[in-house]
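I would like the entire structure built from these sequences, with the hints used as guidance.
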Amino acid sequence: MAFTLSVNGRNRRVDVDPDTPLLWVLRDSLGVLGPKFGCGIGQCGACTVHVDGTPVQSCSLPVGAVGKGKVTTIEGIGETEVGARVQKAWADLDVAQCGYCQPGQIMSAAALLASNPKPSAEEIDAAMSGNLCRCATYNRIRAAVRQASGQTGEA
Amino acid sequence: MADGNGASRREVIQLAAGGAGGLVLGFSLAGKGEAASSAARLNAYVTVQPDGWVEVVSKNPEIGQGVKTSMPMMIAEELDADWSKVRTVQADSDPSLYGRQFAGGSMSTPLHWDELRRVGATGRALLIAAAAKSWGVDPATCSTEPGRVVHAASGRSAGYGSLASAAAALPAPDPRSLKLKDPKDFRIIGQPMAQVDTPSIVTGKPLFGIDVVVPGMLFATFEKAPVFGSGVEAVDLDAARAVKGVRKAFKVEGAGGAEALSPGVAVVADTWWQARKGRDRLNIRWKAPGEPGLSSRDLEARMASTAQSSVDRVERHDGDVDAALKGAARRIEATYHYPYLAHATLEPQNCTAHYSKGRMEIWAPTQNPESGRQLVAKTLGIRPEDITVHLVRCGGGFGRRLSNEYMVEAAWIAREAGAPVKLLWTREDDLRQGFYRPAGWHKFEGGLDASGQLVAWHDHFLTPGQGVQTARSAGMSATEFPARFVPNFRYGLSILPSPTPTGPLRAPGANGISFAVQGFLDELAHAAGADPLAFRLKLLGEQGMVGTPGRDGYDAARMRGVLQKVAEVSGWGRTRMAPRQGQGVAFHFSHLGYFAEVVQVRVADDGQIRVEKVWVAGDVGRQIVNPSGAINQVQGSVLDGLSAALGQEITLEGGAVVQGNFDSYRLMRMADAPPVEVHFVLSDHPPTGLGEPALPPAPPALCNAIFAATGKRVRRLPVDPALLVAG
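Taken in sequence, the protein lines are chains A and B.
Its first residue numbered 1, the first sequence is counted upward by one per residue in the working numbering.
Its first residue numbered 1, the second sequence is counted upward by one per residue in the working numbering.
Incorrect hints may have been included.
[To be verified] Straight-line alpha carbon distances no greater than 30 Å define the calculated DSBU-like cross-link-like pairs of lysine-lysine that follow:
| hint | chain 1 | residue 1 | chain 2 | residue 2 |
| --- | --- | --- | --- | --- |
| 1 | A | Lys70 | B | Lys244 |
| 2 | B | Lys133 | B | Lys244 |
| 3 | B | Lys205 | A | Lys68 |
| 4 | B | Lys287 | B | Lys244 |
| 5 | A | Lys118 | B | Lys613 |
| 6 | B | Lys326 | A | Lys70 |
| 7 | A | Lys88 | B | Lys613 |
| 8 | B | Lys85 | B | Lys133 |
| 9 | B | Lys133 | B | Lys181 |
| 10 | B | Lys565 | B | Lys712 |
| 11 | B | Lys133 | B | Lys179 |
| 12 | B | Lys85 | B | Lys184 |
| 13 | B | Lys85 | A | Lys88 |
| 14 | B | Lys85 | A | Lys118 |
| 15 | B | Lys205 | A | Lys88 |
| 16 | B | Lys244 | A | Lys68 |
No wet-lab data here; the hints were simulated from the structure.
Written out as structure tokens, the structure is:
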């Protein structure tokens, strides 16, 4: 079945079954490899992308349900002011260890700051709770979100 | 002033730094003199571009431990390169050039600290020699600034890019003859450097095994028996083939056991999702296993009956434990248990392979590439020299990718499929087809004399295995602490028959043993009426190195140093605790690193545990190579240990693993991650690694803190909050 998806500002045509998760359409059909596969059941957040600015776990979203929603991935988030700020904070603080979860972390953080520019520590923890980091870089993730939101010092 | 000389030349010049690694690692000088038109391949590590950019090869697999940054830092330091103009290049697997290439045992730093700096120093000596020659001065009168050779007396200087061609033509000096920098002159080592892949990570560039794309590539999934090693009795391959996009579906008979190729069914399709859909239709019936599969409760029952009898064999006995226990003023007993654990790398196992005209090309996220290459050669009957393994960044390792069965599977499936294939496991495949951290039990008896001194220690260690052999990573050294620190010490071993595949998980051995030993020590401290930290210091005594330096040596002075440091920074004994709030301490030596940690917890009345903070003091020698990566490793190791202790357990039912995904195998999430404050105690010893040794003290420090907060002793992991309910 043919779909036209808006991905990072470009319309992309794909021919896939409608039950195919958005993640696999992005990765295998469109070559958008930033969103990662970690669990397939919406538990780890490595696949997080935005649909119309809202973070969604693309491993669990059938492509048929995306409709006209504008999909933004880690490859496109730097085009937004908030996204670029979050990426910079991640780089400044050298957050990553293996780095595999970080695209998803950054997408969740960018969505948080777009809707809540100065989140409290509790709000940060809550917004980031859907993203697992197996290397457990949580101390730096927390610090990077705070830095990207213009807050300094320990939460 | 000479900076422009030759900068217009397009060729790339590689510097001879070759003999350096040959000292220990068996690097080859092969390639020297094999000049091609655009590149003189003189050495495996350092390439200076005419524009002054320096390419430095990183030889070992990057699994998140940071070696792709820290190892090139060692080379670049002694080369005196300008780090802002250094590009790192991931080596392929090539033992003839790079010696052993692996990520394991926290060994990259200790094995390379000297050698890689000499690689850089050799390059620097050549660049100086080339400059001195062109200026007609004594090389000894030249020095270097980042990226350039300087002759202060005449005010001349030249960038490395302009000197590289001439330098490459000179004979390489004996690396052992070179004087390395005084650490006070370090410009790169000791600076907090961001990982070299950070810009790519934060922008989502393809870096990982799962991101490999080969033209014409198909996608594969591979289903294996839930009970380890069982074969396929019946399968509906046609049902899978009927799924749109599926190109092939076939049985794999298996060869070489779980470490190589297990029996199973492969489905190959145009996309991975199609392969998965095909797999869902296979309707596989697995052969009944030869004997009933083991369940966790069976193993527990075996343990309980075995623990009643005497040990199978005594691994160490100092003094007379029975007499000392009999004569002890105070005697206590306790049994500690830790479960099987899975590695759960966030990037599921995957590998891409392409077989064409008798040659196999492999892109593998592996910690142990050469062993994988040999395994593929043996299992598929291909000559090792016809197999190329490209190293790809790993989305976590933790020891799981020291095993290479997924590499063998990808190679096998690609050859069968007649096309390049990317094999990707599901999370369920990953959690249910693991090489698990072995479960273990320690049945302790301890004796204190009237003064509260520990005088007797008996550890009956019950561990999985077969026959007289412990399972992989299920053993314990006869020098494991507190051996040699208690006058009457006995360690007896019993092996519990278990077919479950096991393997090294981050800080293997130590990650379970520390929980048991440091927990029981805490019980003894309380039984002695002593402060748990003071009790530990007293046990360590006044001595320095005990035993032979290395893995079996134990430097009590270094351990006292980190214990004292962590006491100081955590406010140990000086911080007023609220009701059901407490601090616990533990220490452990592993992987050449000395670590002591204090965990502070608060336990709610319903038993829920809040870890408030962790303080860490670690001694890994005189130099932290990359403080940014080092702190990250320590924080991650500590949280990894807490994550496992608080939530993780692999259980078996009828021989199969129960847990399949992160809903049942729980990793720590952000809200549960305490701040981890890291302090390094510098001691005059060569630097050692940080991938592992900060982990082992975390679980026991947590449980000792829970005791301090609640009076309830945790002797079984993961911690069960139901046992911590108030009242």
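Hints, verified against the model:
{"no.": "1", "hint": "A:Lys70 / B:Lys244", "verdict": "28 Å, holds"}
{"no.": "2", "hint": "B:Lys133 / B:Lys244", "verdict": "69 Å, violated"}
{"no.": "3", "hint": "B:Lys205 / A:Lys68", "verdict": "26 Å, holds"}
{"no.": "4", "hint": "B:Lys287 / B:Lys244", "verdict": "29 Å, holds"}
{"no.": "5", "hint": "A:Lys118 / B:Lys613", "verdict": "24 Å, holds"}
{"no.": "6", "hint": "B:Lys326 / A:Lys70", "verdict": "76 Å, violated"}
{"no.": "7", "hint": "A:Lys88 / B:Lys613", "verdict": "27 Å, holds"}
{"no.": "8", "hint": "B:Lys85 / B:Lys133", "verdict": "25 Å, holds"}
{"no.": "9", "hint": "B:Lys133 / B:Lys181", "verdict": "23 Å, holds"}
{"no.": "10", "hint": "B:Lys565 / B:Lys712", "verdict": "27 Å, holds"}
{"no.": "11", "hint": "B:Lys133 / B:Lys179", "verdict": "20 Å, holds"}
{"no.": "12", "hint": "B:Lys85 / B:Lys184", "verdict": "22 Å, holds"}
{"no.": "13", "hint": "B:Lys85 / A:Lys88", "verdict": "20 Å, holds"}
{"no.": "14", "hint": "B:Lys85 / A:Lys118", "verdict": "37 Å, violated"}
{"no.": "15", "hint": "B:Lys205 / A:Lys88", "verdict": "15 Å, holds"}
{"no.": "16", "hint": "B:Lys244 / A:Lys68", "verdict": "25 Å, holds"}
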